[in-house]
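Enquirer: Residue numbers (the UniProt record's numbering), protein chains in the order written: chain A, 1 to 221; chain B, 1 to 75.
Heads up, a few of these hints could be off.
As the list claims (entries may be wrong) - Listed next, the in silico SDA-like pairs over lysine to any residue satisfying Cα-Cα at most 25 Å (straight line): (1) Lys44/B - Ala99/A; (2) Lys44/B - Ile156/A; (3) Lys23/B - Leu71/A; (4) Lys19/B - Pro47/B; (5) Lys19/A - Val62/B; (6) Lys23/B - Lys62/A; (7) Lys73/B - Tyr217/A; (8) Lys44/B - Ile54/A; (9) Lys62/A - Ala152/A.
Stated by the list, open to error - Partner residues aside, some chain B positions facing chain A, computed with beta carbon under 10 Å: (10) Ile6; (11) Ile15; (12) Gln21; (13) Trp24; (14) Pro25; (15) Asn45; (16) Glu48; (17) Lys52; (18) Glu61; (19) Asp64.
Claimed, not checked - Which chain B residues stay away from chain A? Per the calculated CB distances, all over 10 Å, these: (20) Lys19; (21) Lys22; (22) Asp38; (23) Lys44; (24) Glu63; (25) Trp67.
These aren't lab readings, by the way, just hints derived from the structure by calculation.
For glycine and all other residues, C-beta sits at the position ideal for the given N, C-alpha and C.
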Amino acid sequence: MSETTVIIKRRTQTPVKKKSQIGYTAAALVVIIAMGVYLAQVKTLLSIIWFLGIALGVILQKSRFCFTASLRDPILTGSTTLTRATLIAFAVAMVGFAALQFTTLLKGGPVTGNVSPVGLHTVIGAILFGIGMVISGGCASGTLMRMGEGFAMQWISITTFILGSVLGAIHFGWWTENFFRAAPKIYIPEVLGWAGGFWGQLAVLALLYVVATWYEYRNID
Amino acid sequence: MAEFTIDALGEACPIPLLKVQKKWPELQRGDVLVVNIDHSCALKNIPEWARKQGQNVEVEEVEDGVWDIYIEKID
Numbered sequence: 001m002s003e004t005t006v007i008i009k010r011r012t013q014t015p016v017k018k019k020s021q022i023g024y025t026a027a028a029l030v031v032i033i034a035m036g037v038y039l040a041q042v043k044t045l046l047s048i049i050w051f052l053g054i055a056l057g058v059i060l061q062k063s064r065f066c067f068t069a070s071l072r073d074p075i076l077t078g079s080t081t082l083t084r085a086t087l088i089a090f091a092v093a094m095v096g097f098a099a100l101q102f103t104t105l106l107k108g109g110p111v112t113g114n115v116s117p118v119g120l121h122t123v124i125g126a127i128l129f130g131i132g133m134v135i136s137g138g139c140a141s142g143t144l145m146r147m148g149e150g151f152a153m154q155w156i157s158i159t160t161f162i163l164g165s166v167l168g169a170i171h172f173g174w175w176t177e178n179f180f181r182a183a184p185k186i187y188i189p190e191v192l193g194w195a196g197g198f199w200g201q202l203a204v205l206a207l208l209y210v211v212a213t214w215y216e217y218r219n220i221d
Numbered sequence: 001m002a003e004f005t006i007d008a009l010g011e012a013c014p015i016p017l018l019k020v021q022k023k024w025p026e027l028q029r030g031d032v033l034v035v036n037i038d039h040s041c042a043l044k045n046i047p048e049w050a051r052k053q054g055q056n057v058e059v060e061e062v063e064d065g066v067w068d069i070y071i072e073k074i075d
């Protein structure tokens with residue numbers, strides 16, 4: 001018997017009685033389904049979005065998917081599992097958006113989705129957000145998920161997150177006037193062509209995936 | 001065969017792991033480090049980090065949403 005098992009045996013002699021959560025689960029299930037039925041009567045699409053949202057939340061919680069960890073763990077723990085999960089998510093989203101945008105383009109409509117000006121402000125903003133999310137223990141989706149789990153500190157995170165976003169929204173006009181207007185809008189299919197943009201992005205993501213896999217297992221063999 | 005404890009209750013994601021990494025060099029072979037956490041994210045990255053180093057890891061849920069992670073220093 002290892003030392004660890006001995007210590008665990010000794011510690012768990014006074015077990016704390018855990019509360020059963022079956023009641024809460026059943027109540028939540030009833031609320032979710034009732035809300036789904038109600039939304040379906042208003043508009044079918046709302047009901048679909050509702051269930052997609054619930055499913056996303058469950059997956060986020062169970063898989064411990066976390067954008068913060070995907071960039072932080074390679075340095076802290078040497079693990080790139082979440083980095084690779086994020087890369088796959090990017091690839092899936094990219095294929096989906098390409099399909100959507102190409103369809104609207106064939107119909108002669110304008111490009112769907114956000115094409116925002118890119119520049120030095122993107123880099124500075126990303127670094128600031130990165131520092132903030134590591135300190136507060138999660139990005140927006142991670143914070144929401146941990147709030148739901150009952151980690152009280154994240155309630156402070158979300159409050160300041162909302163305050164910061166409101167402040168940003170108030171001053172957005174000023175930023176647009178002074179920085180965004182001069183910055184170029186880059187739409188990759190326009191620069192590289194549709195084939196180059198689509199396969200190029202997939203190739204970059206695949207390359208990053210290979211690098212991430214190599215990084216995780218390089219020490220073992 | 002000493003036993004060390006880290007109280008990381010209320011600490012958000014990377015902090016418990018950083019505390020473990022800071023404490024780790026003080027441990028001798030056979031020592032056990034007990035980390036008390038209540039942030040579910042640390043439940044993933046602490047065992048992951050320790051197992052990657054080849055250490056022995058056990059996790060015990062001691063209360064609702066509170067876990068003890070046992071890390072035995074093997075080498």
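Enquirer: With reference to the structure, classify each hint as holding or not holding.
Expert: Tested hints:
Proposed proximity of Lys44/B and Ala99/A is contradicted: the alpha carbons are some 35 Å apart, above 25 Å. A C-alpha spacing of about 23 Å is found between Lys44/B and Ile156/A, which places the hinted pair at or below 25 Å, so the restraint holds. Taking the CA atoms of Lys23/B and Leu71/A, the gap is about 24 Å. The hint holds against a cut of 25 Å. Between Lys19/B and Pro47/B the CA atoms are separated by roughly 13 Å; this keeps the pair inside 25 Å, and the hint holds.
Between Lys19/A and Val62/B the CA atoms are separated by roughly 12 Å; this keeps the pair inside 25 Å, and the hint holds. Using a Cα cut-off of 25 Å, the hinted pair Lys23/B and Lys62/A is violated, with the two alpha carbons roughly 29 Å apart. Of the supplied pair hints, the one linking Lys73/B and Tyr217/A holds, its CA atoms being roughly 22 Å apart against a limit of 25 Å. Taken as a hint, the Lys44/B and Ile54/A pair is honoured in the structure, with Cα atoms around 22 Å apart against an allowance of 25 Å.
For the hint pairing Lys62/A with Ala152/A, the CA-to-CA distance comes to about 19 Å; that is within 25 Å, so the pair holds. With its C-beta approaching chain A no nearer than about 14 Å, Ile6/B sits outside the 10 Å limit, and its interface hint is violated. Hint status for Ile15/B relative to chain A: holds, with the closest Cβ pair at about 8 Å, below 10 Å. With a least beta-carbon distance of about 8 Å to chain A, the hint placing Gln21/B at the interface is held under the 10 Å criterion.
Against a cut-off of 10 Å between C-beta atoms, the interface hint on Trp24/B is violated, since the closest Cβ of chain A lies about 13 Å away. Annotation: Pro25/B was flagged as interfacial toward chain A, and the flag is violated, the nearest CB pair being 16 Å apart, outside 10 Å. Hint status for Asn45/B relative to chain A: holds, with the closest Cβ pair at about 5 Å, below 10 Å. With its C-beta approaching chain A no nearer than about 5 Å, Glu48/B sits inside the 10 Å limit, and its interface hint holds.
Hint status for Lys52/B: holds, given a least beta-carbon distance of 6 Å to chain A, under 10 Å. Look at Glu61/B: its Cβ gets to within about 8 Å of chain A, closer than 10 Å, so that hint holds up. Proximity of Asp64/B to chain A holds as hinted, the smallest CB-CB distance being about 5 Å (cut-off 10 Å). Lys19/B, annotated as away from the interface, keeps every beta carbon of chain A farther than 10 Å; the closest lies near 12 Å.
For Lys22/B, the shortest C-beta to C-beta distance to chain A comes to about 12 Å, beyond the 10 Å cut-off, and the non-interface label holds. At roughly 7 Å, the least C-beta separation between Asp38/B and chain A is not larger than 10 Å, which violates its mark as non-interface. Not every beta carbon of chain A lies more than 10 Å from that of Lys44/B, the smallest distance being close to 5 Å; the non-interface claim is violated. Glu63/B, annotated as away from the interface, has a beta carbon of chain A within 10 Å; the closest lies near 5 Å.
Consistency note on Trp67/B: stated as away from chain A, and its beta-carbon is indeed over 10 Å from all of that chain's, at 12 Å minimum.
Hint compliance for this structure: hints 1, 6, 10, 13, 14, 22, 23 and 24 are broken, all remaining hints hold.
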